[in-house]
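Undergrad: The chain contents come next:
Protein chains: 2
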Amino acid sequence: MLILEYVDKLLNGDRRACARLISIVENDEEEAKNIIKEIYKYTGKAHVIGITGPPGGGKSTLTDKLAKELRNRGKTVGIVAIDPTSPFTGGSILGDRIRMQDLATDPGVFIRSMGTRGCLGGLSKATQSAVKILDVYGADYIIIETVGVGQSEIDIVKTADTIVMVMVPGLGDDIQAIKAGVMEIGDIFAINKSDLDGANRTAAEVKAMLDMGPRKDRRPPIVQVVASLNKGTSELLDEIINHMEYLKSSGELKKRREDNIKTEIIKLIETEVMKRVLEKSQTNHALEKVTASVANRKMDPFSACESIIKLFSDNI
Amino acid sequence: MLILEYVDKLLNGDRRACARLISIVENDEEEAKNIIKEIYKYTGKAHVIGITGPPGGGKSTLTDKLAKELRNRGKTVGIVAIDPTSPFTGGSILGDRIRMQDLATDPGVFIRSMGTRGCLGGLSKATQSAVKILDVYGADYIIIETVGVGQSEIDIVKTADTIVMVMVPGLGDDIQAIKAGVMEIGDIFAINKSDLDGANRTAAEVKAMLDMGPRKDRRPPIVQVVASLNKGTSELLDEIINHMEYLKSSGELKKRREDNIKTEIIKLIETEVMKRVLEKSQTNHALEKVTASVANRKMDPFSACESIIKLFSDNI
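For the protein sequence lines, the chains are G and E, in the order given. First residue of the first sequence? That's 1 in my numbering, and the numbers climb one at a time after it. First residue of the second sequence? That's 1 in my numbering, and the numbers climb one at a time after it.
Some hints here could point you the wrong way.
Identical chains blur together in the list; that is why a pair holds if it fits in one copy or across any two.
What the hints assert, rightly or not - Only pairs whose alpha carbons sit at most 25 Å apart, straight line, appear in this in silico SDA-like list of lysine to any residue: (1) 280 / 306; (2) 41 / 302; (3) 248 / 19; (4) 68 / 295; (5) 75 / 242; (6) 158 / 270; (7) 37 / 207; (8) 289 / 268; (9) 216 / 284; (10) 216 / 289; (11) 280 / 104; (12) 254 / 29; (13) 75 / 293; (14) 41 / 286; (15) 280 / 232; (16) 298 / 268; (17) 158 / 297; (18) 310 / 283; (19) 231 / 263; (20) 216 / 28; (21) 310 / 169; (22) 37 / 11; (23) 248 / 24; (24) 207 / 276; (25) 267 / 302; (26) 41 / 224; (27) 262 / 286.
Worth flagging that the hints you see were computed from the coordinates, not collected in a lab.
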């Protein structure tokens with residue numbers, strides 16, 4: 001069986017098998033399931049880092065420098081760059097931006113770009129599968145990098161062990177705009193482009209925001225970096241490693257990973273149940289019939305919903 | 001019954017009842033259901049306009065000027081301003097921006113701002129309910145205005161009859177970034193701030209993009225406006241009215257509204273089914289048990305999903 005051959009090769013660190021398997025999970029939902037079922041028992045070793053923040057924050061450069069720093073420390077790195085807005089798959093970000101040449105040719109680094117197109121089972125599911133494949137491939141660290149801070153990107157980045165929120169000076173009102181529900185997920189705040197005017201002010205704003213929030217056992221550190229000049233990258237990596245130490249010693253790692261697994265299972269249940277429910281709803285054109293009734297104002301949407309649900313047994 | 005009293009008043013054009021009912025649909029999912037069941041038969045009269053596009057495009061000003069122009073033509077207007085990122089409800093956008101004073105005091109205009117906080121059943125559902133209430137209140141036109149072009153905002157704006165995509169000169173690469181899956185939904189393109197350098201180029205870029213897309217029966221018009229100076233607003237409104245004429249004469253209106261209704265019903269079914277499935281999954285801590293097994297790598301997430309689904313009857 002083809003999948004098993006690829007998985008065997010993946011376990012032996014075969015780079016082409018890794019690339020091939022990621023392409024499969026992007027494009028074939030059924031095969032993705034078979035692959036994950038096969039490799040899942042080998043996962044859970046990598047430290048997964050999510051890098052997010054508003055567009056224009058230099059996340060891509062920061063990711064590259066972090067990867068470089070990890071390589072300097074003898075670690076292997078997988079990078080999954082997420083671009084839900086991109087019309088292209090498997091090349092958009094790599095094609096659009098200049099990744100450091102020495103990274104692209106380094107066998108200890110595996111970079112993959114993922115867009116929505118081609119991700120049949122959804123970008124989030126494909127990304128989670130890609131992370132698992134990179135984990136089994138042997139990456140010590142896996143960096144998930146997003147383009148923006150949309151809901152789908154936040155959902156993806158939340159699956160990481162450590163979330164780095166990248167801010168830049170001069171965002172002004174935009175900081176306000178992304179505050180709600182987004183800033184809270186940062187385990188570490190990186191103020192990039194800290195050689196620009198206003199870096200201290202941005203750091204102070206982030207600090208003030210953290211002061212306003214609920215008291216936590218661990219206060220997210222704020223690190224000032226200039227990724228383009230490779231300043232502060234090493235300190236940022238130290239904080240990322242510190243965070244993993246904290247996660248382990250506090251028992252948070254187990255809890256966080258279990259929460260993520262639960263969310264993942266619920267999402268899988270939702271997809272599967274809705275697939276079945278929609279199939280059932282098509283029986284005798286039930287869904288079309290209630291839609292027409294609602295369109296004619298003979299029925300309201302809630303009653304339509306109830307009438308469809310009644311089609312199933314009381315066992316749901 | 002309180003709801004019925006409010007609904008009676010709403011049907012008589014009572015402004016306070018309208019405001020009160022919108023607050024209820026934001027905060028109480030069960031009551032929202034009762035309200036919509038009660039008023040649904042009176043809906044479907046208003047022309048719903050969705051205004052979207054990247055941040056900084058001046059959508060708020062354009063919305064105000066369009067409302068003003070509609071008032072000049074003797075029409076009543078409801079405005080629902082959506083801000084999913086805002087930590088506040090019912091005041092964030094109104095508080096942050098300056099709405100034209102004469103609009104705020106005009107009894108023929110009803111403005112409502114909605115954020116995620118407080119929308120228990122989700123922002124999308126609350127917005128759709130608010131639009132229905134404004135429809136019954138008697139608004140001839142309802143404008144849904146979003147802050148950005150995130151997925152949740154796109155989903156909301158898609159429920160409109162006419163979608164106006166607002167672009168501005170100088171967005172550069174950002175146009176590229178929002179192209180996929182977003183530009184296609186525009187029925188009309190408004191190039192705002194057309195007194196700025198590059199307006200013609202932006203119009204040309206939009207035109208080029210439309211040329212590349214699939215041929216449609218109707219080609220979305222491109223209108224250059226300067227909302228702040230009230231230039232082109234009247235032409236834009238003419239195009240919006242033309243679009244409704246097209247929708248009616250081509251039969252597209254019926255089709256589009258039915259598609260939206262179907263999506264709405266499916267979403268309601270999903271919410272309801274998942275509520276029941278999750279309740280069922282908690283029986284004997286089944287979900288917690290499989291989560292623990294997956295966390296220990298004794299089971300993979302897909303098998304966990306299957307084992308939970310097996311708990312239900314074959315009738316799903």
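Undergrad: Are the hints correct? Go through all of them and say.
TA: Tested hints:
| no. | hint | verdict |
| --- | --- | --- |
| 1 | 280 / 306 | both (14 Å within a copy, 18 Å between copies) |
| 2 | 41 / 302 | between (43 Å within a copy, 12 Å between copies) |
| 3 | 248 / 19 | neither (31 Å within a copy, 50 Å between copies) |
| 4 | 68 / 295 | neither (58 Å within a copy, 31 Å between copies) |
| 5 | 75 / 242 | within (16 Å within a copy, 62 Å between copies) |
| 6 | 158 / 270 | both (19 Å within a copy, 23 Å between copies) |
| 7 | 37 / 207 | neither (43 Å within a copy, 47 Å between copies) |
| 8 | 289 / 268 | between (29 Å within a copy, 16 Å between copies) |
| 9 | 216 / 284 | neither (54 Å within a copy, 32 Å between copies) |
| 10 | 216 / 289 | neither (52 Å within a copy, 28 Å between copies) |
| 11 | 280 / 104 | neither (48 Å within a copy, 48 Å between copies) |
| 12 | 254 / 29 | neither (28 Å within a copy, 34 Å between copies) |
| 13 | 75 / 293 | neither (61 Å within a copy, 29 Å between copies) |
| 14 | 41 / 286 | between (42 Å within a copy, 21 Å between copies) |
| 15 | 280 / 232 | neither (56 Å within a copy, 50 Å between copies) |
| 16 | 298 / 268 | between (35 Å within a copy, 18 Å between copies) |
| 17 | 158 / 297 | between (42 Å within a copy, 20 Å between copies) |
| 18 | 310 / 283 | both (13 Å within a copy, 22 Å between copies) |
| 19 | 231 / 263 | neither (37 Å within a copy, 50 Å between copies) |
| 20 | 216 / 28 | neither (42 Å within a copy, 31 Å between copies) |
| 21 | 310 / 169 | neither (55 Å within a copy, 52 Å between copies) |
| 22 | 37 / 11 | within (14 Å within a copy, 57 Å between copies) |
| 23 | 248 / 24 | neither (33 Å within a copy, 44 Å between copies) |
| 24 | 207 / 276 | neither (48 Å within a copy, 42 Å between copies) |
| 25 | 267 / 302 | both (24 Å within a copy, 10 Å between copies) |
| 26 | 41 / 224 | neither (38 Å within a copy, 58 Å between copies) |
| 27 | 262 / 286 | between (33 Å within a copy, 11 Å between copies) |
Figure legend: structure checked against the earlier numbered hints; hints not met, in rising order: 3, 4, 7, 9, 10, 11, 12, 13, 15, 19, 20, 21, 23, 24 and 26.
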